[in-house]
Amino acid sequence: MPIFVIKHVTTYRYRQPVAFGEHRMMLRPRDDGDQIVLDTDIAIEPAPRRLHWTRDDLGNHVATAEFDDRAAELRFESTIRLDHAAMNFAAHDIAEHARVFPFARDADHPPVVPPAPAHPRVQSWAEGFLGADGTADTHDLLVGMTQTIKTKFKHGARHQHGIQTPEQTLKLASGSCRDHALLMITALRHLGFAARFVSGYLYLADVDADTKAELDGGNTHAWVQVYVPGPGWVDFDPASGTVGNRNLVRVAVVNDPRQAVPLQGSYFGRPVDQLAMKVAVRVAAASA
Numbered sequence: 201m202p203i204f205v206i207k208h209v210t211t212y213r214y215r216q217p218v219a220f221g222e223h224r225m226m227l228r229p230r231d232d233g234d235q236i237v238l239d240t241d242i243a244i245e246p247a248p249r250r251l252h253w254t255r256d257d258l259g260n261h262v263a264t265a266e267f268d269d270r271a272a273e274l275r276f277e278s279t280i281r282l283d284h285a286a287m288n289f290a291a292h293d294i295a296e297h298a299r300v301f302p303f304a305r306d307a308d309h310p311p312v313v314p315p316a317p318a319h320p321r322v323q324s325w326a327e328g329f330l331g332a333d334g335t336a337d338t339h340d341l342l343v344g345m346t347q348t349i350k351t352k353f354k355h356g357a358r359h360q361h362g363i364q365t366p367e368q369t370l371k372l373a374s375g376s377c378r379d380h381a382l383l384m385i386t387a388l389r390h391l392g393f394a395a396r397f398v399s400g401y402l403y404l405a406d407v408d409a410d411t412k413a414e415l416d417g418g419n420t421h422a423w424v425q426v427y428v429p430g431p432g433w434v435d436f437d438p439a440s441g442t443v444g445n446r447n448l449v450r451v452a453v454v455n456d457p458r459q460a461v462p463l464q465g466s467y468f469g470r471p472v473d474q475l476a477m478k479v480a481v482r483v484a485a486a487s488a
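Position 147, counted from 1, in the sequence shown is what the numbering used here calls 347; the numbers after and before it change by one each time, with no gaps.
Hints are computed from structural coordinates only; laboratory data are not their basis.
Hints may be right or wrong, so weigh each one.
[Unchecked claim] Cut-off 20 Å, straight-line C-alpha distance, at most; resulting in silico cross-link-like pairs (SDA-like, lysine to any residue): (1) K352 <-> Q323; (2) K352 <-> T365; (3) K350 <-> S374; (4) K478 <-> H361; (5) K478 <-> D456; (6) K207 <-> D231; (7) K207 <-> H261; (8) K350 <-> A307; (9) K350 <-> R321; (10) K478 <-> H261; (11) K350 <-> F329; (12) K478 <-> A219; (13) K352 <-> A373; (14) K207 <-> V262; (15) K350 <-> F289; (16) K352 <-> V313; (17) K207 <-> M477; (18) K207 <-> R249.
[Claimed, not checked] Beta-carbon label-pair distances, calculated as ranges: (19) P217 <-> L330: 57 to 67 Å; (20) R224 <-> A290: 37 to 47 Å; (21) G259 <-> S374: 29 to 39 Å; (22) A290 <-> R213: 13 to 23 Å.
In this text, a Cβ means the ideal position worked out from N, Cα and C, and glycines have one as well.
Please take these sequences and the hints and turn them into a complete structure.
Rendered as structure tokens:
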């Protein structure tokens with residue numbers, strides 16, 4: 201099991217010292233069975249008057265910083281050490297009654313978020329993963345949808361704020377990881393699955409690095425979790441086509457992607473005062 205060391209630095213720069221409103225952070229990974237946070241530290245400059253930690257209804261860690269000082273630069277540096285265990289997903293992991301979709305929900309099944317009405321084109325695309333009789337092998341359906349998005353859709357960074365609608369992603373056949381995730385979630389909810397949005401980090405091994413040294417790489421990332429009777433919540437990454445949590449570190453799981461912004465806040469000043477925002481992420485892995 202690798203130990204991941206994650207450093208996430210966000211810096212805001214302004215033309216002149218400004219005052220700051222509350223800043224809300226979702227940077228600390230979740231306490232799940234396959235990932236254990238060993239150490240966590242967050243350094244903020246200027247130092248906040250108050251830093252308050254809480255958990256939301258889904259168990260995500262949320263920190264809120266309140267400030268007194270004015271400054272021309274605001275910097276957040278989060279450092280995490282985390283023990284990570286890779287979990288795969290095989291057809292035989294699924295409870296017998298759920299191996300063919302649709303299946304009856306048992307007592308342990310979480311509530312299914314009522315889906316927003318999907319665009320007819322998205323509905324048709326989702327139903328294309330079912331057979332003529334409206335059924336499908338559950339494992340094949342979930343893996344097939346994940347890998348179809350990987351192979352048929354172009355993936356790339358998109359620096360604009362917000363997320364494309366699922367129909368936009370389907371029409372363009374391209375988008376960011378968060379766009380691909382929302383398309384898959386919308387399609388699965390239309391079919392009746394419990395699916396949710398995951399925000400966190402992706403570890404990218406440097407294949408050219410000295411294997412005796414720490415391997416570096418990584419970035420913020422978004423993917424999907426689907427509840428499957430038997431294994432429970434399973435990770436699916438349509439941006440890479442992979443199934444399971446390998447190299448994925450969960451920070452937040454939410455029903456609506458807008459609830460998983462890593463860092464958001466406000467400042468008091470003129471719009472022209474804000475010069476730049478820079479985000480840098482580094483993920484290193486070493487043997488436990």
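Okay, the hints, checked on the actual structure:
In summary, the hint linking K352 to Q323 is supported, as the alpha carbons are separated by about 17 Å, within the 20 Å threshold. Using a Cα cut-off of 20 Å, the hinted pair K352 and T365 holds, with the two alpha carbons roughly 17 Å apart. As the CA atoms of K350 and S374 are separated by approximately 10 Å, the hinted pair is consistent with the 20 Å bound. The straight-line distance between the Cα atoms of K478 and H361 is roughly 14 Å, inside the 20 Å bound, and the hint therefore holds.
For the hint pairing K478 with D456, the CA-to-CA distance comes to about 25 Å; that exceeds 20 Å, so the pair is violated. Restraint check: the Cα-Cα separation between K207 and D231 comes to about 18 Å, which is no more than 20 Å; the hinted pair holds. Only pairs whose Cα atoms come within 20 Å are accepted, and K207 paired with H261 is accepted, the gap being roughly 17 Å. Between K350 and A307, the direct Cα distance comes to roughly 33 Å. Violation of the 20 Å bound is thereby established for this hinted pair.
Taken as a hint, the K350 and R321 pair is honoured in the structure, with Cα atoms around 19 Å apart against an allowance of 20 Å. Annotation: proposed proximity of K478 to H261 is violated, straight-line Cα distance about 23 Å (limit 20 Å). This hinted pair checks out: K350 and F329 have alpha carbons roughly 15 Å apart, not beyond 20 Å. Between K478 and A219, the direct Cα distance comes to roughly 19 Å. Compliance with the 20 Å bound is thereby established for this hinted pair.
A threshold of 20 Å between alpha carbons decides the hint, and for K352 with A373 the separation of about 7 Å falls inside it, so the pair holds. Pair hint K207 plus V262 holds up; C-alpha atoms about 17 Å apart against a cutoff of 20 Å. Simply put, K350 and F289 have alpha-carbon atoms about 18 Å apart, close enough for the 20 Å limit, and the pair holds. A threshold of 20 Å between alpha carbons decides the hint, and for K352 with V313 the separation of about 27 Å lies outside it, so the pair is violated.
Between K207 and M477 the CA atoms are separated by roughly 17 Å; this keeps the pair inside 20 Å, and the hint holds. Annotation: proposed proximity of K207 to R249 is violated, straight-line Cα distance about 23 Å (limit 20 Å). Range check, P217 to L330: about 59 Å between beta-carbon atoms, so the 57 to 67 Å window is met. Distance hint check for R224 and A290: the Cβ-Cβ separation is about 38 Å, which falls inside the suggested range of 37 to 47 Å.
Taken as a hint, the range 29 to 39 Å holds for the pair G259 and S374, whose Cβ atoms sit roughly 33 Å apart. One distance hint, 13 to 23 Å for the beta-carbon pair A290 and R213, is violated here, with the actual separation near 49 Å.
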